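A.B. asks: Could you build the full structure based on these sequences and the hints that come with them?
Those sequence lines, one after another, are chains A and B. Each residue of the first sequence is one higher than the last, beginning at 0 in numbering that gives the first Met the number 0. Each residue of the second sequence is one higher than the last, beginning at 0 in numbering that gives the first Met the number 0.
Check each hint, because a few of them may be wrong.
Estimated spans, in silico, between C-beta atoms of each pair [claimed, not checked]:
#	chain 1	residue 1	chain 2	residue 2	range
1	B	E240	A	A153	46 to 56 Å
2	A	N92	B	E100	31 to 41 Å
3	A	A153	B	R302	17 to 27 Å
4	A	V118	B	D303	24 to 34 Å
5	A	N92	B	L288	27 to 37 Å
6	A	V125	B	D129	34 to 44 Å
7	B	R295	A	N92	48 to 58 Å
Covered stretches of chain B, going by a simulated chain A footprint (3 or more residues, C-beta under 8 Å) [unchecked claim]:
#	segment
8	40-50
9	153-163
Taking beta-carbon pairs under 8 Å as the criterion, some of the chain B residues facing chain A (in silico) [unchecked claim]:
#	residue
10	L141
11	S148
12	L150
13	L226
14	R295
15	P296
FYI, nobody ran anything at the bench for these hints, they're computed from the structure. The model shown is predicted, which means the values in this text are computed figures rather than measured ones. Even glycine gets a Cβ: it sits at the ideal position worked out from N, Cα and C.
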Amino acid sequence: MPERSANGVCLAIEGLTKRFGGFYALNELSMQVATGHIHALIGPNGAGKTTFFNLVTGVLPADKGRIVFEGEVVDDARPSKRTLRGIARTFQNIRLFPHLTVLETVMIGAHCRAFPSVVGALGKAVLQPPFGEAGEERTMREHALELLSFLGLASQQDAKASDLPYGEQRKLEMARALATQPRLLLLDEPAAGMNPHETLELDETIKKIRDRGITVVLVEHDMRLVMEISDRITVLNFGTRIADGVPNEIQSNPAVIEAYLGEDVKL
Amino acid sequence: MFEGLLDGYTRSLLIFAGINVIAAYSFYAPFKTGQVSLGQAGFMAVGAYTAAILTQKFGMPFAVALVAGGAVAGVVGVAVGFPALRIKGIYLLLLTLGFAEIVSVIVLSWDYVGGAQGFRKIPFNRYTLDYVIVIILVLLMLFARLERSSLGRAMDSIHQDETAAEAMGIDVVRIKLLAFGLGAVIAGLAGALYAHHATYMDSTTFNVMMGIEILMFVVVGGGSTFLGPLVGAAVLNMIPEILRALRDWLELVPVAWTNFFPMNRVYDFLHDFLDFENAKRLIAYGIILIIMMIVRPDGLVTRDSLRRLAPARWKAKHA
Numbered sequence: 000m001p002e003r004s005a006n007g008v009c010l011a012i013e014g015l016t017k018r019f020g021g022f023y024a025l026n027e028l029s030m031q032v033a034t035g036h037i038h039a040l041i042g043p044n045g046a047g048k049t050t051f052f053n054l055v056t057g058v059l060p061a062d063k064g065r066i067v068f069e070g071e072v073v074d075d076a077r078p079s080k081r082t083l084r085g086i087a088r089t090f091q092n093i094r095l096f097p098h099l100t101v102l103e104t105v106m107i108g109a110h111c112r113a114f115p116s117v118v119g120a121l122g123k124a125v126l127q128p129p130f131g132e133a134g135e136e137r138t139m140r141e142h143a144l145e146l147l148s149f150l151g152l153a154s155q156q157d158a159k160a161s162d163l164p165y166g167e168q169r170k171l172e173m174a175r176a177l178a179t180q181p182r183l184l185l186l187d188e189p190a191a192g193m194n195p196h197e198t199l200e201l202d203e204t205i206k207k208i209r210d211r212g213i214t215v216v217l218v219e220h221d222m223r224l225v226m227e228i229s230d231r232i233t234v235l236n237f238g239t240r241i242a243d244g245v246p247n248e249i250q251s252n253p254a255v256i257e258a259y260l261g262e263d264v265k266l
Numbered sequence: 000m001f002e003g004l005l006d007g008y009t010r011s012l013l014i015f016a017g018i019n020v021i022a023a024y025s026f027y028a029p030f031k032t033g034q035v036s037l038g039q040a041g042f043m044a045v046g047a048y049t050a051a052i053l054t055q056k057f058g059m060p061f062a063v064a065l066v067a068g069g070a071v072a073g074v075v076g077v078a079v080g081f082p083a084l085r086i087k088g089i090y091l092l093l094l095t096l097g098f099a100e101i102v103s104v105i106v107l108s109w110d111y112v113g114g115a116q117g118f119r120k121i122p123f124n125r126y127t128l129d130y131v132i133v134i135i136l137v138l139l140m141l142f143a144r145l146e147r148s149s150l151g152r153a154m155d156s157i158h159q160d161e162t163a164a165e166a167m168g169i170d171v172v173r174i175k176l177l178a179f180g181l182g183a184v185i186a187g188l189a190g191a192l193y194a195h196h197a198t199y200m201d202s203t204t205f206n207v208m209m210g211i212e213i214l215m216f217v218v219v220g221g222g223s224t225f226l227g228p229l230v231g232a233a234v235l236n237m238i239p240e241i242l243r244a245l246r247d248w249l250e251l252v253p254v255a256w257t258n259f260f261p262m263n264r265v266y267d268f269l270h271d272f273l274d275f276e277n278a279k280r281l282i283a284y285g286i287i288l289i290i291m292m293i294v295r296p297d298g299l300v301t302r303d304s305l306r307r308l309a310p311a312r313w314k315a316k317h318a
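C.D. replies: Put into structure tokens, the structure is as follows:
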């Protein structure tokens, strides 16, 4: 995987602000995510973590500030264009396509790489061979199957996405996001709804994703997971950054312990 | 085609059924991306009037007028499709309904196309049935291929969760516009065919009821596969014929069996009920729809029913 970054910075956030009415979900947030890192974003509920994801992926427009991905400002790009540039995400409240199969779901992620232009996709659809599979279709299917076995879902490929248990739906969301071939992956509470055994597996999965050369930003409430795998942690509270550092620094940071975890909590 | 085989009545029946099938596909195209339009009759009107002006006022051949009707409807479709991108569900329904109303008011007040008198003496096209059959075959091939393609799958994903599809890199804006424009083109073709078979139309021809009927074809047939609109339009168009056949059959019942109470009442009720021409036809239609929605809410043809019908060899290959 070629190194595509501006001075090792994958994602730079400058003065990002988002208001909902009078409520500041994010207030002048600035932070940097280094290329190749697993970077965790933690903070109490309502601290602005999911809003951060929505702004970075373009699902919501920012009120102020800049989002710089690999040295390029992406503020004005629609979500699909940001995905094409290499930003992919999963959703906290799982958003799968209920009537598609597991395999088809992952192939949706692969669509934007196989068919970047709609006209081209229409041409291929109309002119496809009447029997058998078009070449692109086979490539997409193989790529999707590879990702499904990477996440341990290969045996479920023909199940309906909505029939999977909760933990596997989260894995499927990760497979779908990976199929877009991202260089930055935003995971919104990937461990929610997983049992302890699945969460342990998730440790390895996320590390393996990083080892594929993908920078990972992680929002998670499972502190064991966060402390175990993160290269760096940013702590948010009320839409602003209150701490930033490696896991050991965060664990012993009194401001974090007081503001986020309450007093006298041992990590 | 079929010159000697069909009497005029059957021929006309097939033509109107065929035009309805085409209209059903004009609804199906935007519906595949989750856009529900009640305004397809409006696009039919655009295509019908464009084509009729070209043939009647400028003496152009029907084939040219047909293509022009589809093209102009498509351009109007993309123009309507842009504002339609931003709104969903019931609001999109109202927007498309409003569009169809605007078209009918323009037609009503435009004296060049007859105004309130209606557009008369449109050249009759002898080959409408041939055109209808060819267009339906092309549409079936197009939508069958779309269904097996990555673009078709992308459309399904937009239908099911637009935000998630956009986040996965699917160009939701362009694909929805494409689908809406394609639906308008198909509606324009259906309108042009209609005008040159009926030879007369006015501002009430392509009305709200027609828009609702087009929607019903797809709802009854099933909107999840490309065969649904065909089956839905065919079945709903056959209902009057089926009722007529049942009534003929009913009339064969010996009078001696039904000329006493209460059988005479039952006979009279059934006889009226099966008469699709009288006002009770709406009751029959309504009852059939209600039963449909209870028994098969996803339509007559669904993906699962197709899967069950598929031959075993195909299943083994694609399972």
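A.B. asks: Evaluate each hint against the coordinates.
C.D. replies: Going through the hints against the structure:
Range check, B:E240 to A:A153: Cβ separation about 51 Å, and the 46 to 56 Å hint holds. Between A:N92 and B:E100 the beta carbon distance is about 39 Å. The supplied range of 31 to 41 Å therefore holds. About 23 Å separates the C-beta atoms of A:A153 and B:R302, a value consistent with the hinted range of 17 to 27 Å. Separation of A:V118 from B:D303 is about 33 Å and conforms to the stated range, judged on CB atoms against 24 to 34 Å.
Between A:N92 and B:L288 the Cβ separation comes to about 35 Å, which falls inside the hinted range of 27 to 37 Å. Our hint of 34 to 44 Å for A:V125 and B:D129 is violated, since their Cβ atoms are close to 23 Å apart. Between B:R295 and A:N92 the C-beta distance comes to about 31 Å, which lies outside the given range of 48 to 58 Å. A stretch counts as covered by a chain when three or more of its residues have a beta carbon under 8 Å from one of that chain; for the segment 40-50 of chain B and chain A the count is 0, and the coverage is violated.
Under a criterion of three residues with beta carbons nearer than 8 Å to beta carbons of chain A, the stated coverage of the segment 153-163 of chain B is upheld, 7 such residues being counted. Hint status for B:L141 relative to chain A: holds, with the closest Cβ pair at about 7 Å, below 8 Å. A hinted interface residue such as B:S148 counts as satisfied when its beta carbon comes closer than 8 Å to some beta carbon of chain A; here the least separation is about 3 Å, so the hint holds. With a least beta-carbon distance of about 4 Å to chain A, the hint placing B:L150 at the interface is held under the 8 Å criterion.
Because the closest C-beta pair between B:L226 and chain A is about 17 Å apart, greater than 8 Å, the hint is violated. Among the interface hints, the one on B:R295 is violated; its C-beta lies about 16 Å from the nearest C-beta in chain A, farther than the 8 Å criterion. Below 8 Å, beta-carbon pairs count as interface contacts, and B:P296 has none with chain A, the closest being about 14 Å; its hint is therefore violated.
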